[in-house]
Amino acid sequence: MAEKKLMKGNEALAEGTVQAGCRFFAGYPITPQNEVPEYLSWRLPEVDGKFVQAESEVAAINMIYGAAATGVRCMTSSSSPGISLKQEGISYCAGADLPFFYANVVRGGPGLGNIAGAQGDYFQSTRGGGHGDYKVFVMAPDSVNEMANFPRKCYEIAYKYRIPTMVLADGIIGQMMEPVEFEYPEVDVSKLPEQDWALGISKGRERRRVNSYDLREGQLEIMVNDRVKKYKEIEENEVMYEEIMTEDADIILVAYGTSARVSMAALKMAREKGLKVGLFRPITLWPYPKKKLAELGDRVNNFLVVEMSLGQMVEDVMLSLNGKSKVFFYGRPGGSVITAEEVLKAIEDTSKKGAKEHATIK
Amino acid sequence: MQLLNKKPESLTDVQMRYCPGCGHGVVHRLVAEVMDELNIRDKTIGVAPVGCAVFADEYFNCDMIQGPHGRGPAIATGIKRAKPEAIVFSYQGDGDLASIGMAEIVHSAIRSENITIIFINNAIYGMTGGQMAPTTLVGQKATTCVYGRDPKLQGYPIQMSEMLATIKGTTYIERTAVHTAPLVIKTKNAIKKAFQNQIDGKGFSIVEILSTCPTNWRMTPVKATDYVKDKMMEIFPLGVYKDSDGGK
Numbered sequence: 202m203a204e205k206k207l208m209k210g211n212e213a214l215a216e217g218t219v220q221a222g223c224r225f226f227a228g229y230p231i232t233p234q235n236e237v238p239e240y241l242s243w244r245l246p247e248v249d250g251k252f253v254q255a256e257s258e259v260a261a262i263n264m265i266y267g268a269a270a271t272g273v274r275c276m277t278s279s280s281s282p283g284i285s286l287k288q289e290g291i292s293y294c295a296g297a298d299l300p301f302f303y304a305n306v307v308r309g310g311p312g313l314g315n316i317a318g319a320q321g322d323y324f325q326s327t328r329g330g331g332h333g334d335y336k337v338f339v340m341a342p343d344s345v346n347e348m349a350n351f352p353r354k355c356y357e358i359a360y361k362y363r364i365p366t367m368v369l370a371d372g373i374i375g376q377m378m379e380p381v382e383f384e385y386p387e388v389d390v391s392k393l394p395e396q397d398w399a400l401g402i403s404k405g406r407e408r409r410r411v412n413s414y415d416l417r418e419g420q421l422e423i424m425v426n427d428r429v430k431k432y433k434e435i436e437e438n439e440v441m442y443e444e445i446m447t448e449d450a451d452i453i454l455v456a457y458g459t460s461a462r463v464s465m466a467a468l469k470m471a472r473e474k475g476l477k478v479g480l481f482r483p484i485t486l487w488p489y490p491k492k493k494l495a496e497l498g499d500r501v502n503n504f505l506v507v508e509m510s511l512g513q514m515v516e517d518v519m520l521s522l523n524g525k526s527k528v529f530f531y532g533r534p535g536g537s538v539i540t541a542e543e544v545l546k547a548i549e550d551t552s553k554k555g556a557k558e559h560a561t562i563k
Numbered sequence: 005m006q007l008l009n010k011k012p013e014s015l016t017d018v019q020m021r022y023c024p025g026c027g028h029g030v031v032h033r034l035v036a037e038v039m040d041e042l043n044i045r046d047k048t049i050g051v052a053p054v055g056c057a058v059f060a061d062e063y064f065n066c067d068m069i070q071g072p073h074g075r076g077p078a079i080a081t082g083i084k085r086a087k088p089e090a091i092v093f094s095y096q097g098d099g100d101l102a103s104i105g106m107a108e109i110v111h112s113a114i115r116s117e118n119i120t121i122i123f124i125n126n127a128i129y130g131m132t133g134g135q136m137a138p139t140t141l142v143g144q145k146a147t148t149c150v151y152g153r154d155p156k157l158q159g160y161p162i163q164m165s166e167m168l169a170t171i172k173g174t175t176y177i178e179r180t181a182v183h184t185a186p187l188v189i190k191t192k193n194a195i196k197k198a199f200q201n202q203i204d205g206k207g208f209s210i211v212e213i214l215s216t217c218p219t220n221w222r223m224t225p226v227k228a229t230d231y232v233k234d235k236m237m238e239i240f241p242l243g244v245y246k247d248s249d250g251g252k
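Here the protein sequences line up with chains W and F, keeping their order.
Read the first sequence against my numbering and you will find it ends at 563, with the numbers running on by one and no gaps.
Read the second sequence against my numbering and you will find it ends at 252, with the numbers running on by one and no gaps.
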């Protein structure tokens, strides 16, 4: 077992990204993710990597577009308003089939909002985010340890399928400190394979082009549909989730990231009161673990979705269950943190409501 | 028979779609000739803009990338930092570089990125159909200022070369034109120098090239060359604005 280190979420993410082979970073300061660029500004030069503080988020994502086109493992990070600014560039990367990794350490929105942790960017992350039809592989860590280890998985997926990948964290996970264990050996970038699409020295080969346009009639449709094939493959093969005490559960909590941690605490309190509560934690938000949820829906009547938002993932839960079970929601927007007591009360309400409604409906 | 002239190797065989009398084709050829002469075609990566030159990634016979409007210098920064052994150029028009991409061009100059910028200034948005550009002359008509540019409403045309020359990190800045044969030769020399500087690691070089847009200026190609000579060159004087050993 590797040694454990006490690290801040954002720093663990940054170190994990370097260990996963990242050698180029461009970003722009924004709270609560500033430890990421600060850490990488000294860490990347240590491994012969490049760090650029860009003039804006827009410039940063375009530096990534350029760097990613050369095949180097690269990264940018930001927080909600900054990620909004990056969406055009992310769309270009998706449209040009460029692999890269980014992190959104989400804060309260909309607008300037606040700098507290929130989960209001779920729709933006899981629906592509920018213009046009595309998907981004989204992982939602619920601990500093996952912040450290998810970049590795994101790069694997990014290069395997040539798509943008991201970690959707929040200000709480970014700022808190926990013991971290880097679960994988550090990637040796000199052993990474040459990419047969990457721009560079074209001596002895055909020239290469990276772009996201095709104005010929019908051609763009073909291009987008080609991409759909890999999206289907990802939905088939790359889904990740965690189940806790769902076997005998009457009510299943569905939550990701910080909400999952709070829900876990509420689950323990509810179990002590004799309520049979389980927790389903999606780890990949796209692809969403809809098949597994649907399976659970075959035998569980009540689902309670907990989010630090007005309710965004709850729509995916409803789509997954497709009317099989009752879906309840508890959430708070604006960067307000949900407490375990609040979730416990929501569980108790669900227990009463669920029983009552089923008594009348079924 | 003796071969006197041929298409540069650094251009593809794709037929360009530029309008008759447009300067883009001339400048493309000059960039390609320079790439041939400096023998850098197989290590050059070009960045195509949004605008009339959007298809430049079809025309230049080297590795090419086409990116979002105005972001060429940021894309070039990413490429050059990630792959310093490559020669990187960004080809941009005046809407691209001086309007939406103002921040990227200025900050790549501030960082003294070791890249080459080819800047086509024809004082109009071409691809979108003749809207006012930040470089549109006072009194010049455009589809979004049908009575002519009025400084009270739209300010004055921005002189990019003069402005960039005030930035300490810049290495080489020259404004040229391509409406006469001697100026074409002068422009080629400027482009060559801008690439040579990058090869020598000297830092940020930009060549601003005054160009014609007969289609959107609503002029014949001949009248358009007169317009460059009589009107544009008054506001955008040709010359070397910066020639230093480099910000690096």
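Treat the hints as calculated values from the structure; they're not laboratory data.
By construction, the Cβ of each residue, glycine as well, lies at the ideal position given by its N, Cα and C atoms.
Mixed in with the good hints there might be a few duds.
Cβ-to-Cβ under 7 Å is the rule here; a few derived chain W residues that face chain F [as the list claims (entries may be wrong)]:
(1) Gln254
(2) Glu256
(3) Asn426
Sample of chain F residues with no beta-carbon within 10 Å of chain W, all distances over it, derived [to be verified]:
(4) Leu8
(5) Pro12
(6) Arg45
(7) Asn65
(8) Cys66
(9) Pro72
(10) Ala78
(11) Ala80
(12) Thr81
(13) His111
(14) Leu141
(15) Tyr160
(16) Ile189
(17) Arg222
(18) Lys233
Below are the DMTMM-like pairs computed for lysine to aspartate or glutamate, each with C-alpha atoms no more than 20 Å apart in a straight line [unchecked claim]:
(19) Lys491(W) x Glu448(W)
(20) Lys47(F) x Glu448(W)
(21) Lys554(W) x Asp451(W)
(22) Lys404(W) x Glu37(F)
Okay, the hints, checked on the actual structure:
1. Gln254: It is violated, given that the least Cβ distance between Gln254(W) and chain F is near 9 Å, above 7 Å.
2. Glu256: With a closest approach of 4 Å, the Glu256(W) hint holds.
3. Asn426: Violated - the Cβ of Asn426(W) stays beyond 7 Å from chain F, reaching only about 21 Å at its closest.
4. Leu8: The assertion about Leu8(F) holds, with a minimum of 27 Å to chain W.
5. Pro12: Answer for Pro12(F): holds, closest chain W Cβ roughly 14 Å.
6. Arg45: At about 8 Å from chain W, Arg45(F) fails to clear the 10 Å cut-off, so the statement is violated.
7. Asn65: Asn65(F) is in fact no farther than 10 Å from some Cβ atom of chain W, at 6 Å.
8. Cys66: At about 6 Å from chain W, Cys66(F) fails to clear the 10 Å cut-off, so the statement is violated.
9. Pro72: The assertion about Pro72(F) is violated, with a minimum of 6 Å to chain W.
10. Ala78: violated (4 Å)
11. Ala80: At roughly 6 Å from the nearest Cβ of chain W, Ala80(F) sits no farther out than 10 Å, so the non-interface label is violated.
12. Thr81: Since the minimum Cβ distance to chain W is about 5 Å, Thr81(F) lies within 10 Å and the statement is violated.
13. His111: His111(F) is in fact no farther than 10 Å from some Cβ atom of chain W, at 4 Å.
14. Leu141: With a cut-off of 10 Å, Leu141(F) remains clear of chain W, as the shortest Cβ separation is near 29 Å.
15. Tyr160: Label holds. Min Cβ-Cβ 24 Å, cutoff 10 Å.
16. Ile189: Label holds. Min Cβ-Cβ 28 Å, cutoff 10 Å.
17. Arg222: holds (25 Å)
18. Lys233: For Lys233(F), whose nearest Cβ neighbour in chain W is about 35 Å away, the distance exceeds 10 Å, so it holds.
19. Lys491(W) x Glu448(W): It holds: about 18 Å lies between the C-alpha atoms, which stays within 20 Å.
20. Lys47(F) x Glu448(W): violated (60 Å)
21. Lys554(W) x Asp451(W): Roughly 13 Å separates the two Cα atoms, so the pair holds.
22. Lys404(W) x Glu37(F): holds (18 Å)
In summary, the structure is inconsistent with hints 1, 3, 6, 7, 8, 9, 10, 11, 12, 13 and 20 from the numbered list given earlier, while agreeing with the others.
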